[in-house]
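Residue numbers (my numbering), protein chains in the order written: chain A, 8 to 326; chain B, 2 to 388; chain C, 2 to 292.
To be clear, the hints were calculated from the coordinates, so they are not data collected in a lab.
Think of the CB as a built atom: it goes at the ideal place given N, C-alpha and C, for glycine as much as any other residue.
Among the clues, some could well be false.
Away from chain B, derived, C-beta distances all over 10 angstroms, residues of chain A [what the hints assert, rightly or not]:
1) W13
2) A19
3) H40
4) P146
5) L159
6) V167
7) L218
Here are the simulated DSBU-like pairs of lysine-lysine, each with C-alpha atoms no more than 30 angstroms apart in a straight line [stated by the list, open to error]:
8) B:K268 x B:K292
9) C:K122 x B:K270
10) B:K329 x B:K313
11) A:K154 x B:K115
12) A:K154 x B:K325
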Amino acid sequence: MRRAAWLALGAACFAAPWLVAAVVPGQQRYVLHVLIFTALFAALALSYDLVVGHVGSLSLAHPAFFGTGAYTAAILSTGAGWPFVADVAAAVAAAAVVAAVVGVPLFRLTEHAFAVGTLGLGLVAWIVANNWVEVTRGPLCITGIPKPRLGLPGGPALAVTTLPAHYWLALAALVAVVLLYRGLTTFRLGRAFHAVRDNEPLAGAAGIDPLKYRMLAFTIAAGLAGGVGALYVHYLSVMCPEEMTIALTVNLLVIVFLGGAGSLRGVLLGAVLFTALPEVLRLAPTWRLVIYGGLLLVVVVRSPGGLEGLLRRAPGAAR
Amino acid sequence: MRLVLTLATLLLVALSAGAGAQAPPIRVGFASAMSGPAAITGEGVRWAAALAVEEINARGGVMGRKLEAYFADNKAQPGEAVSAVRKLADVDQVDVIIGQTHSGACLGAMPVVKEIGVPMVVESCSHPKIRELSGKGGNEWTFRVALDDEIMAYTFARYMARQGVKSSSVLAMNNDFGRGAAAAYDAAFKKAGITLVSTEFFDPGQPDYRPVLTRLKRANAESILGIILASDGAPFMRQFRELGLTQKVYSRGSLASAEFLHQVRDKPKVGDGVIEASYWVTGLDPEWDRKWTERYKVPPRIHGSLAAITLKWAVVPAVEIALKKHGKADRASIRAALKEVDVKDSPVGPIRFDDNHQAWINMVLLEMRDGQLRIIEKLPTSPALLK
Amino acid sequence: MIVGDLLEQVLHGLTLGSMYAMVAAGLALMLGVARLINFAHGEFFMLGAYAFWYGYRQLELPYAAAALLAPAVMVLFGVAYQRTVIRAILPRSWHVQLIATLATSIVLTNLAIIVLGTQPKEVPTRLSSTILDVGGFRIAWQRLLVLGASLVIFWALHRFVTRTRTGRAMRAMSQNREACAVVGVDVQRVAMVTFALSAALAAIAAALVSPLFNIFPDMGTVMTLKAFAAVVAGGFGYVNGAIAASFLIGVTEALAGSYVSYAYKDAIAFLVMIAVLLWRPEGIFGRRIGI
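Let the hints inform the model, and build the full structure from the sequences given.
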């Protein structure tokens, strides 16, 4: 997209709270709430796309990392009184460490076994979260997670209490993830990732160690997922095991494959559609799931490049 | 000239607004689990709301004002409950919310209803924390009709002790309801002098109870307290009989219920002897049961029926009070009016909210025998029970 | 007493394992013969259960007839599914297969909720209500039927694969698909038969266990996960491996659920799989070619 268009989009995103208040004054809180979820989901989907779209490893364990980060932040901020910035950093670190630890045995498996292995990891993580009641309070959930406060301990702090403030925080996080995503997927590093994804034996022969690059993408993606988890719990003030089930994997798969795996624009589009569409459609919840499933099926079969693939094929489409 | 035209237009608009203004309907939002594994509860709430609203509107509405029902899905999760409340309040512009059926969702929704300023009347979340946090506990916008597990546990445990029970094992659903209730009974058994031999949790929907039944057999307590709903209770009791266990079964949930009897209608004796502590059972309002069965072809569901009772005997009286006193039924006036609701004869007993916005409805003790449910005791409750 | 208790758990585990094995065998067949990952396999189980319910409760057929109706219906469904979804995704990467079949699973499960309702269905039969009591050890006859029938079915499956032309073609295809096409094997037909067989196996398993448990739209999801765990632990695409792994999972689940912790019972399948993979990344029996 042209530079001007990006700038305009950026300005609109930043000005969203005012735009929403002007256009739909009665529903502005609800719309902002949806936008916050959209931003967080987009960031999470981008982190997932690093693994699925750029190194080509179909991991189904992302909820485990999201959940690790979320619970780390929840437990540290409620039980140990850690400040916001610290518990988010801890969340990122914890998720990355878990990924590094489980990644070693997981990446030894063949592709199919890897997928099922990650699926199992996700399931076990949920079961632990649901049953290790002493730490996570299980289904009773961790409540009372404080609102974010950005600042140094003992010094001046910026409290994030209103919806617009939460929105800007989520937006800032999304922008950070976008920049990191761009950095990781272009230049030499990006080419190395793509080499591993597209032709592993050739990459190995060219001196690019597939295991090293897969682990790198996997760990970074997990850390980012953990960070999003931390932001999520600070917004909702509640964290329950239900937030890290397979349903989250399915949602991420829909976003990434609907939008276009491996493409920034595609995944962002997918996230916006995925969160905005149900609000527009206002369907009964079970029908909504049928439609998601149907949409995912059709898109993955007909246009595996997702919307991004369709956009690229459109005549006159810019890069 | 311009001035005359403007004034004329304004006058016309004002007149037409006045003339066209029908009394707007009262919008009631219902939030429950409409999808996901717990969708059976949301379905019940939707069915009940449809039936109850129809009933009320057929009688002319509440003081001439019709009711409109709106629904939102909380998927039994606190995160979704936040979305559900915002949708009902901001998009559907409801005046009052009835929900959220599941304790985790209730706790998640509570700060949001306070932030937005919309009254929420809880019809069946049973976590004790909800009472602690409502009313003078800090949240002036939440009210609860259902009893919580602390209240019920103390009463039920004392009843069990009176029956001579000395020891018990607990088998509870592994969710917010089961965990909360199990914790409450742990404390209550201690107070009542009953030994808690073991506590087991099971995932709702999983069908294989044999391993846990052998654990219960080995634990060898005199009785088993099942914190379990009808849909799980049916396979559980069948397998209980299959293994030939002989403990006395007490339950809290919907094990002894018309739903359960419907599931085991081929062999109703499967449920014999189960004693359940509840606050709702079919038979408290036979008219309602009849209408439900006629329309939906299955026995009335507990969560749905509680939502209907909350609507008819808590929310509607509040709307009436608000209309009489203030001439309007908006969120603030409904909230104020709820504090003054004083219903003596709802099917579940008296509905009057105390300082923690808790209604002290009756507990009922039920026994299942030969495919029938029998109310063996109706126990009024009060704050004194907690001492 | 303790030994009796232990034996009881092992027997229960074997019964569970035979249920998992019938489902996993079908999954392994499809993987081995057609190189297809089918994440909607659990839905064959679920729909088979509902087909059985319909035959037994609504049409009031005798048990045996209803139990045969289920696989018959699912064979038709399997063929339809193969002609629509599978044909489109078979030539594609397994990523696409996994996601497409996962999407199908979501559609089927939620359509089942809409069409069949959330109220679980119960289908107790004479055998599930009649208890065999041997000196304090009690078991419903239906459980013994599950175990017995599964052994018969596995024996029949083995004969089919080793003795019949189609069966041998399936085996050949799983070893070298290109060579089969060259030699004149009707690859499409064999794939279709494999599919139908796999759907039928899941449906028979459902008809056997439904009287013991209840039937609800979500019941396929857990089954898919456990079947995959068994297939992966058994060596992707190796049917006997999947069967063996299923029994291992069943017995471990029963023993762990009874002696260790009931709450973590469903994690057992995956913990077993992870343990096996850590020890032998290619599955219990190591690297194998063919079903």
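Subject >> Restraint status (C-alpha distance of K268 of chain B to K292 of chain B at most 30 angstroms) >> reply: Within the cut-off at roughly 26 angstroms; holds.
Original post:
Was P146 of chain A rightly flagged as not at the interface, with every chain B Cβ beyond 10 angstroms?
Top reply: violated, 4 angstroms
Original post:
Since W13 of chain A was said not to touch the interface, does its Cβ keep a gap of more than 10 angstroms from each Cβ of chain B?
Top reply: W13 of chain A clear of chain B: closest Cβ-Cβ about 30 angstroms, beyond 10 angstroms.
Original post:
Given the hint that K154 of chain A pairs with K115 of chain B, does the C-alpha gap stay at or below 30 angstroms?
Top reply: Holds, because 16 angstroms separates the two Cα atoms, which is no more than 30 angstroms.
**OP:** With a cut-off of 30 angstroms on the C-alpha distance, tell me whether K122 of chain C and K270 of chain B pass.
**Re:** holds, 18 angstroms
Subject >> Exclusion check [L159 of chain A not at the chain B interface, CB over 10 angstroms] >> reply: About 27 angstroms separates L159 of chain A from the closest Cβ of chain B, which puts it past 10 angstroms; holds.
**OP:** Given the hint that K154 of chain A pairs with K325 of chain B, test it: the Cα-Cα distance must not exceed 30 angstroms.
**Re:** violated, 41 angstroms
Subject >> Claimed clearance of chain B by A19 of chain A, with the beta carbon kept past 10 angstroms >> reply: holds, 21 angstroms
Subject >> Interface exclusion of H40 of chain A relative to chain B, criterion Cβ beyond 10 angstroms >> reply: violated, 5 angstroms
**OP:** Take a quick look at L218 of chain A and tell me if its Cβ sits farther than 10 angstroms from every Cβ on chain B, holds or violated.
**Re:** Since the minimum Cβ distance to chain B is about 36 angstroms, L218 of chain A lies beyond 10 angstroms and the statement holds.
Original post:
Straight-line Cα separation of K329 of chain B and K313 of chain B no greater than 30 angstroms?
Top reply: holds, 18 angstroms
**OP:** Decide, holds or violated, for the assertion that all CB atoms of chain B are farther than 10 angstroms from the CB of V167 of chain A.
**Re:** For V167 of chain A, whose nearest Cβ neighbour in chain B is about 14 angstroms away, the distance exceeds 10 angstroms, so it holds.
Violated hints for the displayed structure, listed by number in ascending order: 3, 4, 12.
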